[in-house]
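J.: Residue-level listing of the chains:
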Amino acid sequence: MSAADERRVSDPLDLEAPPGQARVSTAEDEDGAPAHDGPAADPQGRGRDDSEKLDQYLLRRYHLHGDRRAREQLITMYLPLVRSLARRYASRGEHFDDLVQVGAIGLIKAIDRFDLSRGVELTTYATPNIVGEIKRYFRDKGWSVRVPRGLQELNIRLNKVIDELVPKLQRSPTINELAEAANATPEEVLEALETSQAYNSVSLQASPNGEGGEDDAGLIDYLGGEEEAYDTMEDRTTLAPGFAKLDKRERYILHLRFFEGQTQSQIAERVGISQMHVSRLIRRSLEKLREEIGELDNPQIMRPSGDDHR
Amino acid sequence: MAERIDLEMPATLNALSTVRMVLGGLGARLDFSLDDLDDLYLATDGLLRTALDADPLDRLSVEILVDDGVLRFAAGTFRSARLRAEVTLHAEDILDLCMLLRRTVDEVLLEDEGGAYRIVLVKRRKGGPA
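Chains A and B, in that order, are what the protein sequence lines are. Using this note's numbering, the letters of the first sequence correspond one by one to residues 46 to 355. Using this note's numbering, the letters of the second sequence correspond one by one to residues 0 to 129.
Okay, chain B solo, but in the shape it has when bound:
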C-alpha cells in the first residue's frame, strides 16, 4: 500500500537531518540495502544543500511517497535557474550535482508548476533480500 509523508520545514540546513531521519525509517521499512540508503542520503543532501544555497526560500516542502519498493522524493517549490541547471546539466569528467544525482538515484525529474518547479528523485529497491 502506498504511503505518503509530507514535510514542511524552515528552509535551513537543519531540515537536512529531519529529512535524513525520515528517509532512514522509510528506507529500512522498504528493505533498502545500506548502499542504497547511503546513496539516497547523498542525493538528498546534495540536492537540498544546493537548493538552499541557490534559492532564497523561507520554507521547504518535501513529499515522500513509498510504494512497492520505490521511494519517490519531491522537494520544492523552486524558481532558481541556477538550481535547474545544476540538476540537469552535466559536463564530462566533472563531479557536479547532476552527476552525483545520476549515480545515486534511479531517476531525476523536474515537475513544472506555473513558472516554478519541483525536483523529484526516484530510488528503487535493488540488491536487497528477495
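Chain A with its partners taken away, still in its complex shape:
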C-alpha cells in the first residue's frame, strides 16, 4: 500500500485540512466513502442521499475499523441537530449551553450504540437519544429536591399556561383559571406552584427570551444595556451589605418589585422570563438577604445604602 493509499484509509476525510481542501476520499474507497468537502459540513447542507451515505460511511469507519476520528466527525456533524433539539427546552429554566452539553452526551451514546445491521438512519436513531438525555437531565438535575414527575410536568405546563393567560386576560390569572387551563385541580396547581420553588434558576448568561441562540444577548447584557433605572438602582445597591450578595438580575428584579412597585407579571414581561421564575427569584433573593442579615447580625440587612437610618 502506498503512502497515499495509507493516508486515504486511515484519514479519509483529512480532518486537519482546511475546509475546501479536504476532498481526499473517493468513490473508489474500500468502504465506499462519498465525496465530502470539509470536516464540519452540516448534514442539512447536503442532499439527503449524500448525508446518509456519509453517515453510513463514517459509522462503518468507527464501528468496523475503530476510527475515532470518524466518530468525532459524526459528533461535529450532528451538533446542529443537538442545538436544535436543546433549543426546544431552553425556556424551561436551564442554560442553553448546558442543554447542548447534555444533548451531546445523548448523541455520543447514539453513535456508540448504533447498530449498522438495522438499516436505520443515524438521525432517526439519535434524535430520541438526544431528547431522552435532555429530559433525563431535567428530571434528575433540574430540581434541587426530589419532586414527583407528575408535579414537574404540571409545573412545566403551568409555566406555559401562565405565559398564555397573562396577555389574554391582561392580568395575573387566578388559581382556578390556571387549574382549568392546565386540566388540573386547584389543589394540584397550588402544590405544583409550591414545588416550583425547588427548581433551579436559569443562568445569568441565558438569553432573556429563553431561546439561547448564539446571537442572543445574555440576560445580564440585556439588563445592563437597556434599563436606565437599573443603572440608577445599581449605584445605590452595589455596595450595600445585603444587596452586594445578590447578582445583577436579582437586584434588578427586587428593585422593580419593591422600589418601582411592579407586579410579578409586569416584571416577567419586562425582563422576558416567566412569572413563576420571577416568583422564584424574588423569594430566593429575599432569602439571601436574610442570610446576609444573619451573618452580619444586623436587623437592617435588606438595606441598599450603608447609612444607619434607625
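Read the hints as simulated data drawn from the structure, not as lab findings. These numbers come from a predicted model, not from an experiment. Be careful, since some hints might not be right.
[Said to hold, decoys possible] What the simulated footprint calls covered on chain B by chain A, stretch by stretch (three residues with Cβ under 8 Å from a Cβ of chain A suffice, anywhere in the stretch; the number is not a length):
hint : segment
1    : 22-33
2    : 93-100
[Claimed, not checked] Some residues of chain A that are not near chain B, with every Cβ distance over 10 Å (derived):
hint : residue
3    : E97
4    : R113
5    : I150
6    : I153
7    : V176
8    : R181
9    : P193
10   : P212
11   : A289
Note that the Cβ used here is the ideal one computed from N, Cα and C, for glycine as well.
Given chain A, put chain B in place with the hints provided.
T.: For chain B alone, kept in the frame of chain A given last:
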C-alpha cells in the same frame, strides 16, 4: 359568608409551610390572582421569619379571616420591641420588612393586647375575574 380559621403551632420555621398551605387554599377560594397570592406568601413569610427571630415564643397563633374578597391574617401574640419597630418603621431606599409588607399587602395593623400585640395583614382581592 365570613370564614375564620385558627392555627396554633409550635413557633418554628415549620409553621411557615403550614401557613402557606392554608393561605393557598383560601387564596384560591377567594379567586386571588397568582400575583396577589405570591405577595401574600412573601408578606407572611417575611413577617413570621422576623417574628420567630425577634420574639422567643413557644407557640405561634395565627388567625385567618376571609370575607367578601378580603383576607385578614393576624399573628401573635408578640412582645418584641424590635419586631414592632421592624414592622412599623421604614427608612427611605431600604428594603426592610416594613417596605416588604407595604408593597405586598393592603394594610398592616398592630392590635395591642395588654402589653403585647398582634400583627394584622389585610389583603384584598384585586385584578382577578369580575
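J.: If a hint holds in the structure, say so; if it does not, say that too.
T.: Hints versus structure:
For a cut-off of 8 Å, the count of residues in the segment 22-33 of chain B with a CB near a CB of chain A stands at 8, and the three-residue condition holds. Given a C-beta distance limit of less than 8 Å, the hint that chain A covers the segment 93-100 of chain B holds, as 6 residues qualify and 3 suffice. At roughly 49 Å, the least C-beta separation between E97 (chain A) and chain B is larger than 10 Å, which holds for a residue marked as non-interface. The claim that R113 (chain A) is not at the interface with chain B holds, since no C-beta of that chain comes within 10 Å of its own (minimum 52 Å).
Chain B leaves I150 (chain A) outside its interface by the beta-carbon criterion, the shortest separation being 36 Å against a cut-off of 10 Å. With a least beta-carbon separation of about 41 Å from chain B, I153 (chain A) lies farther than 10 Å from that chain, consistent with its non-interface assignment. V176 (chain A), annotated as away from the interface, keeps every beta carbon of chain B farther than 10 Å; the closest lies near 30 Å. For R181 (chain A), the non-interface assignment is confirmed: its Cβ lies about 29 Å from the closest Cβ of chain B, beyond the 10 Å cut-off.
For P193 (chain A), the shortest C-beta to C-beta distance to chain B comes to about 17 Å, beyond the 10 Å cut-off, and the non-interface label holds. The claim that P212 (chain A) is not at the interface with chain B holds, since no C-beta of that chain comes within 10 Å of its own (minimum 14 Å). Non-interface status of A289 (chain A) relative to chain B is upheld: no Cβ of that chain comes within 10 Å, the nearest being about 13 Å off.
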